[in-house]
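Engineer: With the first letter of the sequence shown counted as 1, position 52 gets the number 52 in UniProt numbering; the numbers rise by one all the way through.
For the record, the hints were derived by calculation from the structure and aren't laboratory data.
In this text the structure is predicted, and so the values were computed from the model without any measurement.
Incorrect hints may have been included.
[Said to hold, decoys possible] With a straight-line Cα cutoff of 20 Å, these simulated EDC-like cross-link-like pairs (lysine to aspartate or glutamate) come out:
#1 Lys126 <-> Asp146
#2 Lys153 <-> Glu109
#3 Lys153 <-> Asp202
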Amino acid sequence: MPLDNDPPDAAAIMDATGLKAFQLAFVLAPNGGGCSPTWGGTAAVSSDTAVQSVVNTIRARGGDVSVSIGGYGGTKLGQACSDPTATAAAYQQVITKYGLHAIDFDLEEPEYENTAAIRNEIGAAKILQQNNPGLYVSVTTAGTADGTGWFGKQMLLEAKSQGFTPNNFSIMPFDGGFNGAASQTGALTNFNQILQSTFGWDQATAYAHEGFSGMNGRSDTGEYFSQADFQTVLDYATGHHMDRFTFWSLNRDRQCTPADNGGRTSGTCSSVAQNSWDFARYSVRFAGVTPPTSTPTPTPTPPGTGCKTAWSSTAVYTAGNEVSYNKHNWKAKWWTQNETPVASDWGVWQDEGAC
């Protein structure tokens, strides 16, 4: 749950779904430089009261939190701190401040292309694991159809070389040409094989150290992941006794207005038809809890049904943006401006059919 993009009321989610575990994101280095933890690069952890209030609310209802460090944007502490010891000291401030029992290292672009930064992050994770007995440590990285890419594999090799084994390595199978649950479970199968070959684990041990971090609804690149997709991945995860099932993000676990959000991705709603907190209920089921009864999920409107916002010659469109033109919906394949949507294998626009 990011602390921007209109964060929802954690207590209301807990009451509606039975969800007990929340991941708060993201801890970063200060925007102005330095090796001290902040929320989002701006709010110092040392003087925080706002996040502490959220943590207190969740714990008062019998839940708990993990804190996610890193993510896609901003400067990471692994980049800003001088070595693993200094990096670990910064993260220890977060653990001590909130009395954490769990922490997640979200290692992705662009940080995981920086060898020294990843060495600092993995080294810090190992130090924290040693200095905080019982601390649950997860490492999350980008997913590809092959499981994870070159930099993800280098990160795993760094963990092996340092003798570090977290509770799980999770992949994010979205924003990489995925299309529904089958492509995601295929990536999880391939990632399992990577874990086996990297660490010398058998299949069951690899699954016991494997996690899934999805994206609900419409992804940044225009992929769609419905409630049915989440159920399929959940069945795969529980059937293979995986260690973790989570998603980005609770802030997006709400229906947009209109439901498809005009064919655009939002940080505050899912861009698919849903009841509030539909996707959170899959995490609850993964934990082995039956969610409270809710109203039936609205019937999803298939992507492309109904005309999107009309194409404009003056607007700038990026990959995944959708428009309507001549009673057809079109999706941009890359950045474009003033290029009329026409059917072509090599053009910028993909015809999604009549609307």
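Engineer: Identify every previously stated hint that the structure contradicts and give their numbers, smallest first.
Structural biologist: 1
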